[in-house]
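> Those letters in the sequence shown? Residues 1 to 172, by the numbering used here.
Please note: incorrect hints may appear among the correct ones.
Each pair of labels, with its calculated beta carbon distance range [as the list claims (entries may be wrong)]: (1) H166 - P46: 25 to 31 angstroms; (2) Q67 - H166: 19 to 25 angstroms; (3) L158 - G9: 27 to 33 angstroms; (4) P143 - H112: 34 to 40 angstroms; (5) T14 - L158: 21 to 27 angstroms; (6) L158 - I128: 28 to 34 angstroms; (7) S90 - I124: 33 to 39 angstroms; (8) W18 - L116: 19 to 25 angstroms; (9) Q67 - D35: 25 to 31 angstroms; (10) L69 - D157: 41 to 47 angstroms; (11) G91 - D36: 26 to 32 angstroms.
Hint data in this document are derived by calculation from the structure and do not stem from the laboratory. Keep in mind the model is a prediction, meaning the values are calculated, not measured. Think of the CB as a built atom: it goes at the ideal place given N, C-alpha and C, for glycine as much as any other residue.
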Amino acid sequence: QQRLQAIAGALSFTDSTWNTIDTSHGMALIIASVDDQALWSPYRDPASGSITAIIGRSAFDAPEWDQILQADPAGKGIVCQHLWKRYRQSGSGLTNGLNGAYTVIIWEPGSHQLTLISDRLGVIPVFIDRPRGDQGPQLCSHPDVLARYSGNPASWDLTTFAEQLHSCYGTP
Numbered sequence: 001q002q003r004l005q006a007i008a009g010a011l012s013f014t015d016s017t018w019n020t021i022d023t024s025h026g027m028a029l030i031i032a033s034v035d036d037q038a039l040w041s042p043y044r045d046p047a048s049g050s051i052t053a054i055i056g057r058s059a060f061d062a063p064e065w066d067q068i069l070q071a072d073p074a075g076k077g078i079v080c081q082h083l084w085k086r087y088r089q090s091g092s093g094l095t096n097g098l099n100g101a102y103t104v105i106i107w108e109p110g111s112h113q114l115t116l117i118s119d120r121l122g123v124i125p126v127f128i129d130r131p132r133g134d135q136g137p138q139l140c141s142h143p144d145v146l147a148r149y150s151g152n153p154a155s156w157d158l159t160t161f162a163e164q165l166h167s168c169y170g171t172p
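Sequences are here, hints too, so could you generate the full structure?
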């Protein structure tokens, strides 16, 4: 938990940054943002325990955005709750008509399924670390922060580095 608090602190770039850490169901998710917390914080479905989070900003068309804003103003994670409902109805089709730069993260603990859905250009990547021990995967949008606190030794992959320098493309 101390390591996760350190990561959350490293992701707090301004005084107005809020963060949330969720370590339930075998995965650690840290979200830090300066956006309106009532709108953009992660959402946990009470029935399934599934977590939906968004990194970046999605853009909805005006009628759908009006529908989102009509949701319970006392609640948190209104946008993520809306995305969860879209996902349950249409799976990865939840991005139909969705614009902006974003990555949606959906963790379904019952099936141990992690779903990452990105905008068309993949503007906001997500990096995964699998620390040693009993901890499950840990996700972060900042690889330098994740590497700094991972506990795994870091090394350069010179082949991928050379490929990227030569072709502007690297293989995972």
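> A separate judgement is required for each hint: does it hold in the structure or not?
Against the structure, the hints:
1. A C-beta distance of roughly 50 angstroms is found between H166 and P46, which places it outside the suggested range of 25 to 31 angstroms.
2. Look at Q67 against H166: about 48 angstroms separates their beta carbons, and that is not inside 19 to 25 angstroms.
3. Remark: the range hint 27 to 33 angstroms for L158 to G9 is upheld by a beta-carbon distance near 32 angstroms.
4. P143 and H112 have their C-beta atoms about 24 angstroms apart, which leaves the hinted 34 to 40 angstroms range violated.
5. As the Cβ distance of T14 to L158 is approximately 36 angstroms, the hint placing it in 21 to 27 angstroms is violated.
6. L158 and I128 have their C-beta atoms about 22 angstroms apart, which leaves the hinted 28 to 34 angstroms range violated.
7. About 22 angstroms separates the C-beta atoms of S90 and I124, a value inconsistent with the hinted range of 33 to 39 angstroms.
8. With their beta carbons about 22 angstroms apart, W18 and L116 fall inside the hinted range of 19 to 25 angstroms.
9. Take Q67 and D35: their Cβ atoms lie about 19 angstroms apart, and the range 25 to 31 angstroms is violated.
10. Hint check: L69 to D157, Cβ distance near 45 angstroms, so the stated range 41 to 47 angstroms holds.
11. Taking the beta carbon of each, G91 and D36 are about 28 angstroms apart, inside 26 to 32 angstroms as hinted.
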